[in-house]
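Asks: Protein chains in written order, with the numbering used here: chain A, 5 to 117; chain B, 24 to 140.
Each hint should be verified, as a subset may be incorrect.
[Said to hold, decoys possible] Beta-carbon label-pair distances, calculated as ranges: (1) B:D49 to A:D30: 15 to 23 Å; (2) A:T103 to B:K101: 19 to 27 Å; (3) A:S55 to B:Q25: 17 to 25 Å.
Derived from the structure by calculation, the hints contain no laboratory data.
Values in this document were obtained by computation on a predicted structure and should not be read as measured data.
For every residue, glycine included, the Cβ atom is placed at its ideal position computed from N, Cα and C.
Here is how the chains run, residue by residue.
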Amino acid sequence: NAGVTQTPKFQVLKTGQSMTLQCAQDMNHNSMYWYRQDPGMGLRLIYYSASEGTTDKGEVPNGYNVSRLNKREFSLRLESAAPSQTSVYFCASSARDRTHEQYFGPGTRLTVT
Amino acid sequence: AQTVTQSQPEMSVQEAETVTLSCTYDTSESNYYLFWYKQPPSRQMILVIRQEAYKQQNATENRFSVNFQKAAKSFSLKISDSQLGDTAMYFCAFMKQPFQGAQKLVFGQGTRLTINP
């Protein structure tokens with residue numbers, strides 16, 4: 005099993021450009037999440053999807069949109085990138101079990117110039 | 024809203040020593056879960072240990088153990104017999120009781136731990 009995969013691993017955008025970060029999991033998890041990690045700060049939740057067909061805002065949703073394409077895939081879209089969105093983006097997934105463990109992807113380093 | 028505070032931005036110890044990382048949190052919830060995640064230079068987030076708030080017994084995973092003080096809202100991580108491979112950023116994280124499948128983590132700022140040979 006690959007676990008949680010993310011593409012791309014690195015990306016450089018110019019201000020105003022758009023892009024979509026892709027995430028897929030092969031663990032049959034119901035819930036998926038997008039976090040961002042900035043220097044000196046812990047991860048912060050952008051959006052999450054508790055189950056297929058549902059999405060909800062997290063702590064820092066402004067400037068982002070998401071799509072839960074199916075049970076496996078959860079994408080994050082930046083419509084008009086800004087330098088403040090320079091960050092490392094992590095996707096995670098979890099099962100509805102007693103462990104409450106989230107499994108993270110390897111991250112995408114995004115730079116907006 | 025819940026907050027998680029890690030007051031030690033950086034720590035450094037010698038190999039084989041014991042080190043304790045501090046974490047405090049603020050919540051009005053009675054049912055919740057606490058986690059320590061490790062992030063090595065590879066950037067991968069790895070779960071180290073978890074604690075359910077309703078359990079009084081402190082969690083232990085091999086060389087890793089926690090000191091959970093619910094009344095003080097404190098959740099420290101102890102690493103015994105530290106190894107070079109323990110060098111990483113360590114994040115404390117809080118999760119309130121999940122509702123309808125949403126398991127939302129709130130992270131602290133992290134502690135950068137260096138194990139010196």
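Asks: Of the numbered hints stated earlier in the document, which are not met by this structure?
Replies: 1
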